[in-house]
Each structure stands twice: as structure tokens, then as C-alpha cells.
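J.: Here's the letter readout for the chains.
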Amino acid sequence: MDIGVRLREVRRLRGISLRNLAKKVGVSASFISQVEQNKCQPSLDTLRRISEALDVTTSYLLEPEGHEISPHKEAAEIRLPNRLKYLSTLADFLKGVCQKHGVPTKDIENILLAVDEASTNVIKYAYQVGPLNYFKVRVSFDRDLVQIDLLDQGRRFNPLENPPPDKKELAGGEEDLGMGIYVMKKVMDNIRYRYSPNEGNHLILIKRISQSKGNGQ
Amino acid sequence: MKIEVIDTQRNGIHLVRIEGRLDANFSSQLEDEIDNVLEQKTKSIILDFSEVTYLSSSGLRVLLSINKETEGDGGLVLINLRDIVKKVIEVAELHDYLTQADTVEEAMAILEAKRKAK
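For the record, the sequence lines run as chains A and B.
Mapping of the first sequence onto the numbering used here: position 70 corresponds to residue 70, and the numbering continues sequentially without gaps.
Mapping of the second sequence onto the numbering used here: position 5 corresponds to residue 1005, and the numbering continues sequentially without gaps.
Heads up, some of the hints might be wrong.
Derived lysine to aspartate or glutamate pairs resembling EDC-like cross-links, with alpha carbons at most 16 Å apart [said to hold, decoys possible]: (1) B:K1041 / B:D1007; (2) A:K168 / B:E1071; (3) A:K186 / B:E1090; (4) B:K1043 / B:D1007; (5) A:K186 / B:E1093; (6) A:K100 / A:D144; (7) A:K185 / B:E1090; (8) A:K106 / A:D189; (9) A:K168 / B:E1069; (10) A:K168 / B:D1096; (11) B:K1043 / B:E1112.
It is worth saying that the hints were derived from the structure and are not from the lab.
The following block holds chain A by itself, in its conformation from the complex (with noise of 0.2 Å):
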């Protein structure tokens, strides 16, 4: 279990110093040190208290199938299996991320509601849940803009072409996918479709943040 490379890679995204996590941990730093070198493992009750600090799951440090951020200057990328079981980690990425950019909660909330719907989609739609696949969720900051681009190489699946939701249909328990996508346009500011072959699908969505920034909280 590759522990220590996810804990230095979450910990460089959130911009935390190891002499600072390690004091929010009440152990040292070169405890922390050690422990991203995989020269040492924390105990639970310290793995806990570390997730806290950067806020993750612990399990999300403890996963070692599935995801890799790359965070560079004003972007964060996350890669993830064609599983619904992995929403719950993307949305703990992307809370994570935003909130170090400072994005108001509400607008978080709306992020993770229309990120959510258009994994949801990829997953079941353009994957067809299927063999084992990945697809790539990537964050940018540009002002006062939050872009999230989604990649996958599923089969072509374009969700702005769907019907508008059938109320009656849903109130009558049917599945329709058209309600999840009305959700997304309506929380978002604009949305964009490509396709290509060689980049498959790919999903832009496109969110303006309040004026009042808050600390995310």
C-alpha cells in the first residue's frame, strides 16, 4: 500500500508544509516526513487525524487503485475508475480543491451536484459500467471562473442531445436521465460538448463564483 506517495500528493495540492500538517496531527514533522516515504505507517487513529487536516477520506489515502492528481499551478486533476463507487471521492477532490481556491460553499455544492450527474452519466452511459475503465476529471481556476473538463473514452455520448425530464414518467419511478442533466444546466453557467475520436468524450462545464468570497466554509 502506497500510502506515503498519495499523502505527499494531497498534501502538496492542499499547499500544507509538512512542519504545519504534522502540527495540526500533534506528531512531527519528520514523522510525516517518514511516513511519505513509506519508511514508516501511522497508526489508524493518526491516519484519521491526518485525512482531517487535509480533508479527505481516509480511505481516499488508503485506495491504491485509481487515482492520481497532478496538481500543477491553477489546475487539480484526478483520475477514476468507471465505478459509482468512486463519486464519493471525487466529490471530496473537488470540495478539497475548491475550497483551497477560496470558491463560497454554495457554489461548491453546485459544483459537486453537476460534477456528480455528469460522472453519474459517464459511468453508467458512456461506460456502461463495463470492464474496468478510467475516466479524467480536471479543475481550473481562471478569475473568477471554475472549469471542470471531463474525459472519457466511452462511446459517444452526448448529454446536452437528451429530451428535457418527463415529470410524469419520473414520478412514476422510471429511470430518466434527462432529469440529472436538467439539474446540471441548472446549477452550472455553461456547459460544452466535444467529441473525437482520439479524445473521446469530453465534457465542459463552466461555473462563475459569487462575488463574496468566502473561506469555504
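We have chain A; now place chain B onto it with these hints.
T.: Okay, now just chain B, sitting in the frame of chain A:
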């Protein structure tokens, strides 16, 4: 994600406590669990949402499906919804389809009134 089913011992009303994120991953599990409850003669369900931190359209679909299943001789009432969950129901414009209450007592009163109206 956790689901706990409690028999309230009142007119076959069942209280179901759910905990976690009601997203596409969890909603099918909830649907199965409620199907089990509905196989008993109960058709009245109170869903306690106090520990539900997120709701997506997949969760909404399951709630509407339970609504449909129970509407004949019982009903579904949602209680203790957090703002974030209420907001999703409103964004989806489905608040008229889902009955909400603040407390278990209030939910029971709604379900018992429905029974009497039959």
C-alpha cells in the same frame, strides 16, 4: 452508507434511517432495502434524512419510485432534510411530489390522516 429500519409499532409505519451520500452508488442499495420493507404488509414509510449529506438525481428517482409504490395504501414522508438536500429537490422542481415534515410525530400524523381519509 448505512440503512436502519425501525418498526414504530404504530399502524405498520416504518421509520427508515439512512446515513451518507444518496448518490447513484447508494440509491440502488436503498431501493433494494425499501423493497424488502414493502414486501411486509407495510406501505407507510418515514425516511429520516438527518444524516444524509448529499442527494443526486439518482436518489431522487428512487424516492419517487418509493412514493409510487406506497401511494395506494400508505405513503412516504421525508423528515429532517438538510438544506443541501432540500435545495436539490427544489432545483429539480420535485417538491410538490415529495411530502416533507420536520419531526417523526408530524410525519406520523400525516400518514395516519392519509389512512383515515381512505
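J.: Each hint should be assessed against the structure and marked as holding or not.
T.: Now for the hints, and whether the structure bears them out:
| no. | hint | result |
| --- | --- | --- |
| 1 | B:K1041 / B:D1007 | holds, 12 Å |
| 2 | A:K168 / B:E1071 | holds, 15 Å |
| 3 | A:K186 / B:E1090 | holds, 11 Å |
| 4 | B:K1043 / B:D1007 | holds, 12 Å |
| 5 | A:K186 / B:E1093 | holds, 11 Å |
| 6 | A:K100 / A:D144 | holds, 14 Å |
| 7 | A:K185 / B:E1090 | holds, 14 Å |
| 8 | A:K106 / A:D189 | holds, 14 Å |
| 9 | A:K168 / B:E1069 | holds, 15 Å |
| 10 | A:K168 / B:D1096 | holds, 12 Å |
| 11 | B:K1043 / B:E1112 | holds, 12 Å |
The structure fails none of the hints (numbered hints given earlier).
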